Amino acid sequence: MINKEYTSTGPFMGPHIREKWTSQWIMQQVLIALVFPTIAAVYFFGLWSLVMVIVSIVACVGLEFAFQKIVWKKVTITDYSAVITGWLLALTLPVTAPLWTLLIGDFIAIIVVKQLTGGIGRNWLNPAVAARVLLKLFFSPWITNWVTPQPDVVATATPLADLGNFAREVSPTTPDLVDLFMGFGLGGPIGETCKFALLLSGIYLIARKIINPLVPVLTLGSFYSAMLLYSGFDFSFANAHLLSGALIFAAVFMVTDYTTSPLTDKGKYIFAIGCGVLAAMLRICIDLPGGIGVAILVMNLLTPLINKYTVSRIYGE
Amino acid sequence: MFVRIKRKLGGVLVPKNKWLTKLESIKDLNAPGRIILPMNMHIGKPAKIVVSTGQTVKIGTLIGAKDGMISANIHSSVSGTVEKIEQRIIGVNEVSVVVIKNDFKDTYELPQASSENLVEIIKNNGIVGMGGAGFPTDVKFLLKEHQYMETLIINAVECEPFVTADRRIIIEQMNDFIAGISMLQEMMSIKQCVIAIESSSEEAIRNLEAKIDNEQIKLKILPNHYPQGAEKIVIKAVLGKELPAGKLPIDLNVGIMNVSTVFATFHALKENRPLIDRVVTVSGTPIKHPQNLRVRIGTPIENVIEACGGFVESPMKLINGGPMMGKVIQNLDEPVTKTTSLILALTREEANIPEEQNCIRCSECVNACPVNLQPISISNAYRAGNIEETKRLGVLNCIDCGACSYICPSKIDILGDIRAAKQKVLESR
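These protein sequence lines map, in sequence, to chains W and P. All residue numbers for the first sequence refer to my numbering, where the first residue is 1 and numbers rise by one. All residue numbers for the second sequence refer to my numbering, where the first residue is 1 and numbers rise by one.
Treat the hints as calculated values from the structure; they're not laboratory data. Keep in mind it's a predicted model, so treat the numbers as computed, not measured. Glycine residues also receive a C-beta, built at the ideal position from the N, C-alpha and C atoms. It is possible that some hints are incorrect.
What the hints assert, rightly or not - Some chain P residues near chain W, calculated using beta-carbon distances under 8 Å:
hint, residue
1, Glu242
2, Ser314
3, Val328
4, Leu346
5, Arg419
6, Ala420
Unchecked claim - Below, a sample of chain P positions facing chain W; criterion: calculated Cβ distance under 7 Å:
hint, residue
7, Ala245
8, Ile319
9, Gly326
10, Ser363
11, Asn397
12, Tyr406
Construct the complete structure from the given sequences, taking the supplied hints into account.
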């Protein structure tokens with residue numbers, strides 16, 4: 001006789017095993033990647049940046065929890081997606097933005113954009129991007145009060161102010177490329193000025209296989225190409241544009257968002273190129289800092305259409 | 001997202017755990033005191049019982065007769081008396097079974113006088129595809145007038161984790177294997193034979209490379225991932241052609257046979273020997289001595305486990321087949337059938353499926369699907385009650401490999417939904 005008991009348990013049909021990774025693990029990797037720009041934010045803009053990040057995270061998680069309790073839905077705060085949204089949004093604001101603008105942004109992101117459209121995986125706009133763009137539209141004076149990093153906090157413009165408005169060449173006031181890349185003496189949102197930190201985030205996410213490397217590369221590449229074409233192959237102009245504004249931040253963290261980008265690889269590449277080209281057009285034509293945000297929202301809305309036309313041919317059909 | 005899967009191929013990288021039994025040479029398992037022969041060991045119509053209770057039978061006596069085109073003969077694998085004929089629930093189906101009490105005399109009886117017609121011999125001996133599907137082999141060789149078999153693919157891929165039966169057979173019975181292939185080649189005047197094998201079968205590949213001197217037999221080494229061994233995927237990997245939806249391999253002038261089936265066919269043709277035993281891998285960490293056993297068809301699984309020293313710990317699941325596509329064994333007196341290549345025990349940790357979470361639309365299932373479906377879209381459509389939409393999304397093209405459910409980080413039972421949707425679509429026809 002067999003020495004040990006056996007009574008069958010679990011589903012009858014396979015697969016009976018599962019890959020070990022979980023959605024939480026994926027989200028944790030994004031959280032780790034967000035640490036790099038946050039360290040840069042604290043370095044350049046002081047500890048208040050950290051306060052902003054923490055407040056925003058707490059607000060987002062709290063809002064999601066409260067909303068799901070109120071409408072009797074399963075509470076999903078343990079999936080870390082609200083944490084990411086809060087963290088991302090905080091990083092897109094300047095250190096001078098009053099906390100209440102941040103909280104309004106959190107509300108728009110979590111309640112309006114995410115929960116009211118069905119919760120995680122169902123929203124068709126990227127919550128952090130949508131909140132950022134709406135804040136920019138309605139609360140502009142408060143959240144575009146750019147300052148240069150410490151110690152001498154003075155009001156300033158972002159480097160983009162010198163580059164927009166149909167300019168075709170770099171103005172003398174544009175910082176040099178090293179400053180733009182490292183974020184020295186740059187005004188702007190706390191998480192977006194240090195491109196070096198964002199590069200580290202991107203490399204981390206690629207190494208962990210969380211994002212498809214071609215997506216940010218195509219976004220930046222198409223943007224750069226469009227800028228080159230527009231300026232008649234003025235490389236310094238295109239370089240300055242590439243390293244200014246929220247472009248790289250968005251390419252690493254937002255264009256790669258799972259929920260609001262297409263399903264197939266081919267679709268994701270079209271989406272990425274669309275974001276890059278649209279962002280370039282918005283910067284050139286209507287001098288819109290944060291143009292990449294609008295570009296992403298437009299492409300988010302086009303995602304169902306892209307999905308429809310990028311369905312892979314089924315085997316044997 | 002990149003290395004987790006091999007993008008162009010689809011499919012997933014599954015821990016294969018072949019080391020447990022890879023070096024275990026095949027041992028004969030003594031015949032059990034009783035064998036249980038279900039009449040549905042093949043796809044298609046169950047065989048018709050042609051014995052009655054109390055009747056004396058020998059090894060090779062016909063117990064169930066092929067009933068209709070897609071069906072197969074079933075023979076006794078022991079000598080003795082028919083003890084019971086009854087209905088039993090095996091898996092989810094109620095099926096007629098014949099229980100035969102072994103008298104341990106091992107007397108033989110050859111099936112029906114040998115015929116000149118080779119397809120007839122295969123049919124008489126009850127050969128079916130032993131990889132899992134159980135498609136009657138004679139039907140594969142029954143060609144219509146305009147048809148011919150240009151290529152014969154020997155499917156030695158064994159992409160399911162844990163199973164090592166086929167690679168052991170190749171290693172230990174190399175001469176018969178080659179002879180069997182040559183015999184089939186001659187019989188059907190096949191132009192070329194391709195042995196498709198997974199790159200992890202190093203020893204089998206080495207031996208084959210040293211042995212094959214025949215121009216017409218080629219070796220095709222395929223990547224080590226799942227479900228590389230599925231019929232449709234093998235055909236594409238070997239020939240670069242896709243099997244059109246609803247067609248059989250022969251429509252592409254291709255025959256495809258699993259290793260054990262080649263052996264069974266070879267023995268049927270050479271010795272008029274019916275399919276009465278097969279090699280089964282018994283594996284998994286809860287099994288004391290995982291090994292490869294040659295088992296009489298109809299042997300209760302309890303006897304097989306006992307022969308491997310029993311369990312080290314109580315398994316959460318026993319599976320007939322691999323961890324991806326196998327079916328749960330609900331009772332230890334279920335028998336080994338013609339299609340059982342693996343009996344697998346999984347511990348609680350291995351078989352545990354965490355609670356389902358919301359989809360984050362990571363599209364891993366889309367990347368993993370070897371037939372290019374959008375599994376999550378089908379799942380969503382099914383859950384929304386939209387059966388028409390699942391049909392439009394190609395639910396009937398699903399090959400049930402389960403790569404989507406396996407890879408899903410949110411642990412959604414995508415294949416479960418797809419199976420249910422498929423069922424609904426078929427019902428609505």
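Verification of the supplied hints:
Because the closest C-beta pair between Glu242 (chain P) and chain W is about 5 Å apart, less than 8 Å, the hint holds. Interface restraint check for Ser314 (chain P): the shortest CB-CB distance to chain W comes to about 4 Å, inside 8 Å, so the restraint holds. Interface restraint check: Val328 (chain P) against chain W, minimum CB-CB distance 5 Å, threshold 8 Å, status holds. This hint holds: Leu346 (chain P) has a C-beta 6 Å from the nearest C-beta of chain W, less than the 8 Å allowed.
The restraint placing Arg419 (chain P) at the interface with chain W holds, with a minimum CB-CB distance near 7 Å, inside the 8 Å limit. Because the smallest distance between the Cβ of Ala420 (chain P) and any Cβ of chain W comes to about 11 Å, over 8 Å, the interface hint for this residue is violated. Given the 7 Å rule on beta carbons, the hint for Ala245 (chain P) holds: about 5 Å separates it from the nearest Cβ of chain W. Among the interface hints, the one on Ile319 (chain P) holds; its C-beta lies about 6 Å from the nearest C-beta in chain W, closer than the 7 Å criterion.
A hinted interface residue such as Gly326 (chain P) counts as satisfied when its beta carbon comes closer than 7 Å to some beta carbon of chain W; here the least separation is about 6 Å, so the hint holds. Taking 7 Å as the C-beta cut-off, the interface hint given for Ser363 (chain P) holds, the closest approach to chain W being about 5 Å. The beta carbon of Asn397 (chain P) is positioned within 7 Å of a beta carbon in chain W (closest approach about 5 Å), and the interface hint is therefore held. Hint status for Tyr406 (chain P): holds, given a least beta-carbon distance of 5 Å to chain W, under 7 Å.
Comparing the model with each numbered hint stated earlier shows that hint 6 is the single one that does not hold.
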